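Engineer: Sequence:
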Amino acid sequence: MGWNTSVLFRQGVTADEAVDDLAITEFSGELVEAGQATGALKPEALYAADPGGWAQVWNPMMDLVMGWEPTDPGTALVVFFSSASSTYGFTLFTDGERIRHYVYADGVAVEDEGTPLPAEAEVPVPSWGPDEDFLWSIITAVTGLRYDAQLRYRVYPV
1 MGWNTSVLFR
11 QGVTADEAVD
21 DLAITEFSGE
31 LVEAGQATGA
41 LKPEALYAAD
51 PGGWAQVWNP
61 MMDLVMGWEP
71 TDPGTALVVF
81 FSSASSTYGF
91 TLFTDGERIR
101 HYVYADGVAV
111 EDEGTPLPAE
121 AEVPVPSWGP
131 DEDFLWSIIT
141 AVTGLRYDAQ
151 LRYRVYPV
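Residues in the sequence shown are numbered consecutively from 1, following our numbering.
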């Protein structure tokens with residue numbers, strides 16, 4: 001699957017609270033499957049859920065999540081997937097401070113700030129460079145979450 005989306009993971013907040021940090025919008029009452037939430041089938045919405053103590057807000061347009069900055073001392077992870085351009089990256093915030101920022105394009109690091117996470121050294125990187133599997137390994141290492149095709153997401157029109 002080619003991923004072209006972005007996601008914000010925030011620890012200890014609800015889906016509604018995480019969405020409120022990104023846009024002025026309300027839950028539409030609609031729930032969708034993971035494939036729609038994490039894909040770009042309906043990009044003019046945010047898709048949020050809060051399993052395992054982590055809110056996750058998917059933003060297929062990549063216009064709201066990418067510029068997010070913390071306003072409290074929590075832990076958060078911003079991740080973007082752009083398989084169309086072979087560009088991927090993540091930013092980790094701990095206690096409200098950015099501690100790791102890593103972006104790679106065509107298998108080459110183009111932004112590399114902070115100390116690499118232990119998971120970065122543990123994940124096998126294919127010959128073409130880091131990809132979606134690499135990012136999901138980072139997501140799992142930080143949040144404990146894995147992609148869950150059964151998870152239902154709340155839809156917030158934007």
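Think of the hints as simulated: they come from the structure by calculation, not from any bench.
Hints are not guaranteed to be accurate.
Just the calculated beta-carbon pair ranges, DEER-fashion [to be verified]:
hint, residue 1, residue 2, range
1, Gly96, Thr25, 21 to 29 angstroms
2, Ala23, Gly96, 28 to 36 angstroms
3, Gly29, Ser127, 40 to 48 angstroms
4, Pro73, Ser127, 37 to 45 angstroms
5, Asp72, Asp112, 33 to 41 angstroms
6, Ser127, Ala84, 28 to 36 angstroms
7, Met66, Glu17, 17 to 25 angstroms
8, Ser83, Asp112, 18 to 26 angstroms
9, Pro118, Gly74, 16 to 24 angstroms
10, Leu151, Val110, 13 to 21 angstroms
11, Arg152, Thr115, 31 to 39 angstroms
12, Ala109, Phe27, 35 to 43 angstroms
Here the structure is a predicted model, which is why all the values come from computation and not from measurement.
Idealized CB from N, CA, C, for every residue including glycine.
Engineer: For each hint, tell me whether it holds in the structure or not.
Structural biologist: These are the hints, each one checked on the structure:
no.: 1; hint: Gly96 - Thr25: 21 to 29 angstroms; result: holds (24 angstroms)
no.: 2; hint: Ala23 - Gly96: 28 to 36 angstroms; result: violated (20 angstroms)
no.: 3; hint: Gly29 - Ser127: 40 to 48 angstroms; result: holds (46 angstroms)
no.: 4; hint: Pro73 - Ser127: 37 to 45 angstroms; result: holds (40 angstroms)
no.: 5; hint: Asp72 - Asp112: 33 to 41 angstroms; result: violated (26 angstroms)
no.: 6; hint: Ser127 - Ala84: 28 to 36 angstroms; result: violated (20 angstroms)
no.: 7; hint: Met66 - Glu17: 17 to 25 angstroms; result: holds (19 angstroms)
no.: 8; hint: Ser83 - Asp112: 18 to 26 angstroms; result: holds (20 angstroms)
no.: 9; hint: Pro118 - Gly74: 16 to 24 angstroms; result: holds (21 angstroms)
no.: 10; hint: Leu151 - Val110: 13 to 21 angstroms; result: violated (31 angstroms)
no.: 11; hint: Arg152 - Thr115: 31 to 39 angstroms; result: holds (36 angstroms)
no.: 12; hint: Ala109 - Phe27: 35 to 43 angstroms; result: holds (38 angstroms)
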